[in-house]
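Chemist: Generate coordinates for the entire structure from the input sequences, incorporating the hints supplied.
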Amino acid sequence: MDTEPTFFDTNPTAGSVGQPLDRVDGRAKVTGQARYSAEFNSLPGLVHAVLKTSDVAKGRIQSIDTRAALKEPGVVAVLTHQNLPKLAKTPNDADGKKAIGAPMGFLPLTSDQVHYAGQPVAIIVADTLERAQHAATLVQVHITAEKPLASYTDPRAELFDPQKVQDGKTPGHTVRGNPKAAFAAAPVQLTHTYVHAINHHNPMEPGATTAHWEAPDRLTVYESTQGVTRTQKALSTMLGLAAEQVRVVTKYLGGGFGCKGSSWPHTILTVQTAKAVGRPVKLALTRPQMFTSMGHREDQTQTLKVGATKEGKLLALIHEKTSTTSPWDNYAEPNSRIINLLYACPNFEATYQLARADVMTSTFTRAPGEAPGSFAIECSLDDLAYQLGIDPLEIRLRNYAEKDHSTGKPWSSKSLKQCYARGAELFGWSKRNPQAGATRDGRLLVGWGMATASYPVHNNQGTARVRLYADGHALVQTGATDLGTGTYTVMTQVAADALWLSPDKVRFELGDTKLPTAPNSGGSVAAGTVSSSIYMAAQDVWQRLIKLAVADKKSPLFRAKPADVVVENGRLALKADKTKGEDFATLMKRNETADMEGTGNGKYGAGYESGLAAGPANSGHQDDMAGHSMHSFGAHFCEVKVDPELGTVRVTRWVSVHGAGRILNAKTARSQIIGGSIFGIGSALMEATTRDQNFSRYTNATLADYHIPVNADIPDMTVEFVEEHDPYINAMGVKGIGEISMVGVAAAVANAVFHATGKRIRSLPITPDKVLETKMVQA
Amino acid sequence: MNNFSYTQAGSAKEATARRKTTPQAAYIAGGTTLLDLMKAGLEEHPQLIDINPLPFTGIEQTSDGLRIGALARMSEVGEHALLKQQMPAVSESLLLAASPQLRNMASIGGNILQRTRCGYFRDPAFPCNKRVPGSGCPALDGDNHNLAILGVSESCIATSYPGDLSVALVAFDAVLTLQNAKGKQRQLPLNDFYLLPGTTPQRETVLEPGELIVAVTVPVAAHTQRSTYLKVRERASYAYALASAAVGLDVQAGTIRAARVALGGVGAQPWRSREAEQVLTGQPATEATFRAAAAAALRGAQPREHNRYKVELAQNTLVQALRKVAG
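The listed protein sequences derive, respectively, from chains A and B. Everything in the first sequence is counted per full-length UniProt numbering, starting at 1 for the first residue and increasing by one. Everything in the second sequence is counted per full-length UniProt numbering, starting at 1 for the first residue and increasing by one.
Please note: incorrect hints may appear among the correct ones.
What the hints assert, rightly or not - Stretch by stretch, here's where chain A covers chain B in the computed footprint (C-beta under 8 Å, at least three residues): (1) 119-126; (2) 137-146; (3) 230-240; (4) 316-323.
Said to hold, decoys possible - Calculated pairs, DSS-like style, for lysine-lysine (alpha carbon to alpha carbon, straight line, at most 30 Å): (5) B:K39 with A:K147; (6) A:K233 with A:K89; (7) A:K29 with B:K39; (8) A:K554 with A:K575; (9) A:K514 with A:K233; (10) B:K13 with A:K770; (11) B:K39 with A:K71; (12) A:K770 with A:K431; (13) A:K775 with B:K324; (14) A:K589 with A:K505; (15) A:K29 with A:K310; (16) A:K86 with A:K98; (17) B:K39 with B:K13; (18) A:K417 with A:K667; (19) A:K310 with A:K431.
Derived from the structure by calculation, the hints contain no laboratory data. We put the beta carbon where it would ideally sit given N, CA and C, even for glycine.
Modeler: Structure (structure tokens):
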């Protein structure tokens, strides 16, 4: 670049960023024009695939009788491990798994082994969905079943230290200071155990794949995924093709919450099926199959030891997590990460234990690690507050972390104190009765609880392309995905501002591997990375136009130094004398330049103070060059009403205040926080998948029986953001809010239940049986 | 789902005749239960006989009480002014059930014939004595959190009827009008309609093959006018009851002259508790009486590992419902 990089904060634009712009894709969605991955029905010769899955959790396939199915009208093929086309690579070995980026080290239909209930054992293809479904019922699968193991809670389970968790991404053992000695010497000691039920993501749109081999070496896949690039890599690696031979398209996504963050078996199986039958194939998972096809949040127990002074200052935190994993992978959510850094505590230790069971591999589920980890630390801190007679908000302030104690680094920005203060004000926290079990509304017990939220800004980078046309409109493209939360809308706003256009002059395209590479929409990285790449691409366009102007004899800017030219309101002008200049349209038309294209790279840790904007892309660093720790923070305040006779808990008031960098759209951001809070309330009060301990099979894999909140469960929610300018994170100063909205929610609810009832329920979800069976804590 | 044919029956005679020709055929009204069962592979029918054209509709006041047509829709009946006035418990049991969309479709007859939500019944991959007699009951030592504690057997602990309406109907002495293939009608108290599991949990009702539910009649009385239906569930709406209570009291000068009590969510069938009614009748409408009645209603409960809470929950549910109508 000829000039210093510019940043949104240092180069302000009047415009639409931050405004509550209506969703630009809203009309397409409500009128059915938006096409999801299972809606590309006009492909020539499209046929439908249905999965036949295993009833049992463990065993060996003896035989599969497909004769009756194949006789049915319309049936094209029945594919099993015996006749499915072979792959160049599978995730069944460690190298393959790594190369593919697979979430699970096992691909069904590669052998006769059955490792989990619901595992695909045959694929039935027919000309209509109904015929495929019917034929599937006629396929006879004979499996020699063995007694499975369902969970770490089974006495037969063998616990082991995985060394690393989350597939090797997170250390399995962390020690800081001298935690055991500090705990032993602490004047106040708490040891509590927290239990989490299995949770499933259950996005509205199920996993769905439409695979179309356009030529023997050219594949297009319409896929319900949070990342087209990751899917492209997985598929091309397994197929032995070059990445560019596989095109992945995801124009619209009906939610993901992590389950669409990786490429799961049904996708490659559909691709292989399309190869085998020589026609485009569509597969949409059924709702029950969604419980055994795309991972889940694992069943887990956490024990947290808290050592503190009598004034409530933390001295030691010792955390142990035990959870279930699959026969092949060492997956556990990294719960300890948030416990290590949420408060100022000098001594810390975390360990993980896993047990293998006959289940599929669990995976990231909204706020992986932070959601359950925050439940443990935020309930324990509440305990400490009550035990010492300190207000729960005050005890958090006493332990306020002015730096990241897990790394010793300063925060890039942190507005948690403002979040506490504003949240408390909106909620009326100062009127709280310090006594638990002492506030009534008729026969109902009323309780108030609060909790802290935090989520890291993950290292990531992406690219975008911006094409500005002389007639004053623009085309903006990047291979990002919109989970349904507003990426289309906020990126339109960012591009509009960066180009000095109104949003209706910007056409934004995403969800296609033909577009510049963007990161997975996961880990809350999309908003910050994609917006920054678009912003940088727009700056590239301006730099090219400045070059054009200073070389153009007819331009008022002829022979000016590019560095002396600024852009304001779409007009290029001399910094020193802004009367000298011209607007971009005049410049472009005179030069017969119909359009000008620029590309940009949005990078983590590349904010305007970090000096990294022009540095190497994705260098693997965990913080910016200035060595900052980057996190969003927030606070939730919750009121519940509990019927002490019936054990029912209803959330009656909710306040969330977050500091998450720049907020791109006040409306979609508010909606996202509301959605995450509801997700958290679901996990707090009702969400639980029950796995039968004898069969290792779920007993409630439907949306009638796996409860998520309905409207009647949710009160009006108050959501605010603290204005926060972070000069280090990325060019747009955006931290992302997809996950933090859920962190701490279950604890806020549980803490409110404690305040209402004097009962400390440490097992999620907090259902009526637990409220009735839990004894009151004697103060 | 299996292939099936669909025909519409213009009359009850036509419907029963078709059923006689094809014994495995099923009648379909709203379809909200039947289609789910078929899609899940729990029931297979070669033919569906649409009975919606039949005249089993409407709600009318008769000398025997309120007569509700089997084809009346849940929403229509729940919102009906006569029901709201004369038997609020029945209205409430309908409006607290399912979702508006389902209530608009679902018929009263179909509601009475709902089948259990036991997860082992609902998933053909599991053994289940109700679905495959003799295959076993994994719920006994498995996930029995939502299942029954009264009237259960070693063969089955499902809440065979998981819904709400029949709980209110058995409380208030509802009588079914049934019509067989010969066009002959019979009257049957709903309380005698359901069967306890015993060793034959696959037999759920005394409905004869091909027999149609024509109507259900509920006698109006002081205790139906002073009645309520209380439903407890984990989420506020669109969920089956963990426990529920339909109660009606005739209280005069503080003394209970007549009482009707039924429990849902805890019984192998909609659970009329004459034991509780006996404790209540003739006694002062006080908390102590209600507690004694609740204890009587749950006497003999057989909870298992994950549904012990229902003993207390059901009692408290009943007490709250009694308080409400007594108050």
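Chemist: It remains to establish, for every hint, whether it holds in the given structure.
Modeler: Status of each hint after checking the structure:
1. 119-126: holds (count 7)
2. 137-146: holds (count 5)
3. 230-240: That given contact holds, which follows from 8 residues of the segment 230-240 of chain B lying within Cβ reach (below 8 Å) of chain A.
4. 316-323: It holds, with 4 qualifying residues against the three required.
5. B:K39 with A:K147: 29 Å, holds
6. A:K233 with A:K89: Holds, at roughly 12 Å.
7. A:K29 with B:K39: 28 Å, holds
8. A:K554 with A:K575: 19 Å, holds
9. A:K514 with A:K233: 13 Å, holds
10. B:K13 with A:K770: 52 Å, violated
11. B:K39 with A:K71: Satisfied, since the Cα-Cα distance of roughly 22 Å is no more than 30 Å.
12. A:K770 with A:K431: 29 Å, holds
13. A:K775 with B:K324: 27 Å, holds
14. A:K589 with A:K505: 18 Å, holds
15. A:K29 with A:K310: Violated: K29 (chain A) and K310 (chain A) sit about 56 Å apart, past 30 Å.
16. A:K86 with A:K98: It holds: about 19 Å lies between the C-alpha atoms, which stays within 30 Å.
17. B:K39 with B:K13: 28 Å, holds
18. A:K417 with A:K667: 24 Å, holds
19. A:K310 with A:K431: 25 Å, holds
The earlier numbered hints that this structure contradicts are 10, 15.
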